[in-house]
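Got chain A; can you put chain B on it based on the hints?
Protein chains in written order, with this note's numbering: chain A, 1 to 111; chain B, 1001 to 1113.
Everything labelled a hint here was simulated from the structure, so no lab data went into it. Just so it is clear, CB atoms sit at the ideal spot from N, CA and C, and this is done for glycine as well. Incorrect hints may appear among the rest.
Stated by the list, open to error - The calculated lysine to aspartate or glutamate pairs, modelled on EDC-like cross-linking and capped at a C-alpha distance of 20 Å, are:
{"id": "1", "chain 1": "A", "residue 1": "LYS108", "chain 2": "B", "residue 2": "GLU1041"}
{"id": "2", "chain 1": "A", "residue 1": "LYS56", "chain 2": "A", "residue 2": "GLU15"}
{"id": "3", "chain 1": "A", "residue 1": "LYS98", "chain 2": "B", "residue 2": "GLU1057"}
{"id": "4", "chain 1": "A", "residue 1": "LYS71", "chain 2": "A", "residue 2": "ASP84"}
{"id": "5", "chain 1": "B", "residue 1": "LYS1044", "chain 2": "B", "residue 2": "GLU1101"}
{"id": "6", "chain 1": "B", "residue 1": "LYS1044", "chain 2": "A", "residue 2": "ASP59"}
{"id": "7", "chain 1": "B", "residue 1": "LYS1071", "chain 2": "B", "residue 2": "ASP1056"}
{"id": "8", "chain 1": "A", "residue 1": "LYS98", "chain 2": "B", "residue 2": "GLU1041"}
{"id": "9", "chain 1": "A", "residue 1": "LYS38", "chain 2": "B", "residue 2": "GLU1101"}
Stated by the list, open to error - Here are some, though not all, of the chain A residues that point toward chain B, as calculated from beta-carbon distances under 7 Å:
{"id": "10", "residue": "PRO40"}
{"id": "11", "residue": "PHE46"}
{"id": "12", "residue": "GLU58"}
{"id": "13", "residue": "GLY60"}
{"id": "14", "residue": "PHE65"}
{"id": "15", "residue": "SER94"}
{"id": "16", "residue": "PHE101"}
{"id": "17", "residue": "GLY102"}
{"id": "18", "residue": "THR103"}
{"id": "19", "residue": "ARG106"}
What the hints assert, rightly or not - Calculated Cβ distances over 12 Å to all of chain B for the following chain A residues:
{"id": "20", "residue": "PRO9"}
{"id": "21", "residue": "SER12"}
{"id": "22", "residue": "GLN14"}
{"id": "23", "residue": "ARG61"}
{"id": "24", "residue": "SER74"}
{"id": "25", "residue": "VAL78"}
{"id": "26", "residue": "ASP84"}
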Amino acid sequence: DQQVKQNSPSLSVQEGRISILNCDYTNSMFDYFLWYKKYPAEGPTFLISISSIKDKNEDGRFTVFLNKSAKHLSLHIVPSQPGDSAVYFCAAGSGTYKYIFGTGTRLKVLA
Amino acid sequence: NAGVMQNPRHLVRRRGQEARLRCSPMKGHSHVYWYRQLPEEGLKFMVYLQKENIIDESGMPKERFSAEFPKEGPSILRIQQVVRGDSAAYFCASSLQSEYEQYFGPGTRLTVT
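Isolated chain A, as found in the complex (with noise of 0.2 Å):
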């Protein structure tokens, strides 16, 4: 029973396009989301979250955009750089520690 879903295997963007990334849950309970990145071989790095009194949060190139009616949520990073290729993960908590993290996307920005 995966909670937290991330269908997207794999995304290729152009440099300079708009990356966006999908994560779909499925406990209404969840309030609060995470976006981590995470290159091979090193520990994931936090990058972004958003708590479900809010719809959108934005830090720099990176926004997060919540629909609670749809329990969607997606990543957005605009404008897509090299250096962005990595596996991103979200992850959803109910305001505690105990986050569900998805399996992972993994993106590949091309020069």
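Chain B only, in chain A's frame:
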């Protein structure tokens, strides 16, 4: 301002041996979490500890696995009598408070031969 540190980065053990994985949280963080990542899967929560206390070990197998976070020193994840299925990347994370973002270490890649 060191981040979360884990050692060793790579660990090879034969079946039946013990594996000890160490994690030093970020300075000022007293909350430590261990996760396991199997190939092609997401990170799975194993255990949450504060200094000298196990708060939640619901994600940890009941047998052979144990974790501690002593008053002094790093947190230790211990796997006794390892089997091939224990081969995975083990990540440690720490946070300032339990509901805050978690910051991850580089992981320990355990290979059981």
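Going down the list of hints, with the structure as the test:
Pair hint LYS108 (chain A) plus GLU1041 (chain B) holds up; C-alpha atoms about 19 Å apart against a cutoff of 20 Å. For the hint pairing LYS56 (chain A) with GLU15 (chain A), the CA-to-CA distance comes to about 24 Å; that exceeds 20 Å, so the pair is violated. In summary, the hint linking LYS98 (chain A) to GLU1057 (chain B) is supported, as the alpha carbons are separated by about 11 Å, within the 20 Å threshold. Proposed proximity of LYS71 (chain A) and ASP84 (chain A) is contradicted: the alpha carbons are some 26 Å apart, above 20 Å.
About 16 Å separates the Cα atoms of LYS1044 (chain B) and GLU1101 (chain B), which keeps this hinted pair within 20 Å; it holds. Using a Cα cut-off of 20 Å, the hinted pair LYS1044 (chain B) and ASP59 (chain A) is violated, with the two alpha carbons roughly 27 Å apart. For the hint linking LYS1071 (chain B) to ASP1056 (chain B), the alpha-carbon distance of about 18 Å falls within 20 Å, and the restraint holds. With a CA separation close to 17 Å, the supplied pair LYS98 (chain A) and GLU1041 (chain B) stays within the 20 Å bound.
A hinted pair counts as satisfied when its Cα atoms are at most 20 Å apart, and LYS38 (chain A) with GLU1101 (chain B) qualifies at roughly 15 Å. A hinted interface residue such as PRO40 (chain A) counts as satisfied when its beta carbon comes closer than 7 Å to some beta carbon of chain B; here the least separation is about 11 Å, so the hint is violated. For the restraint placing PHE46 (chain A) at the interface with chain B, the shortest Cβ-Cβ distance is roughly 5 Å, inside the 7 Å limit, so the hint holds. Taking 7 Å as the C-beta cut-off, the interface hint given for GLU58 (chain A) is violated, the closest approach to chain B being about 16 Å.
Checking GLY60 (chain A) against chain B by beta carbon gives a least distance of about 16 Å; that is not within 7 Å, so the hint is violated. A hinted interface residue such as PHE65 (chain A) counts as satisfied when its beta carbon comes closer than 7 Å to some beta carbon of chain B; here the least separation is about 19 Å, so the hint is violated. Proximity of SER94 (chain A) to chain B is violated relative to the hint, the smallest CB-CB distance being about 10 Å (cut-off 7 Å). The interface hint given for PHE101 (chain A) holds, since its Cβ lies 4 Å from the closest Cβ of chain B, which is under the 7 Å cut-off.
At its closest, the beta carbon of GLY102 (chain A) sits 5 Å from a beta carbon of chain B; the interface hint therefore holds under the 7 Å criterion. Taking 7 Å as the C-beta contact cut-off toward chain B, the hint placing THR103 (chain A) at the interface holds, the least distance being around 5 Å. Violation of the interface hint for ARG106 (chain A) is found here, the shortest Cβ-Cβ separation to chain B being roughly 11 Å, above the 7 Å cut-off. For PRO9 (chain A), the requirement that its beta carbon stay farther than 12 Å from each beta carbon of chain B is not met, with the minimum near 8 Å.
For SER12 (chain A), the condition that its CB be more than 12 Å from all CB atoms of chain B holds, with the nearest at approximately 19 Å. Once the 12 Å rule is applied to beta carbons, GLN14 (chain A) is consistent with being away from chain B; the minimum gap is 26 Å. Consistency note on ARG61 (chain A): stated as away from chain B, and its beta-carbon is indeed over 12 Å from all of that chain's, at 19 Å minimum. Non-interface status of SER74 (chain A) relative to chain B is upheld: no Cβ of that chain comes within 12 Å, the nearest being about 17 Å off.
The claim that VAL78 (chain A) is not at the interface with chain B holds, since no C-beta of that chain comes within 12 Å of its own (minimum 22 Å). Non-interface status of ASP84 (chain A) relative to chain B is upheld: no Cβ of that chain comes within 12 Å, the nearest being about 18 Å off.
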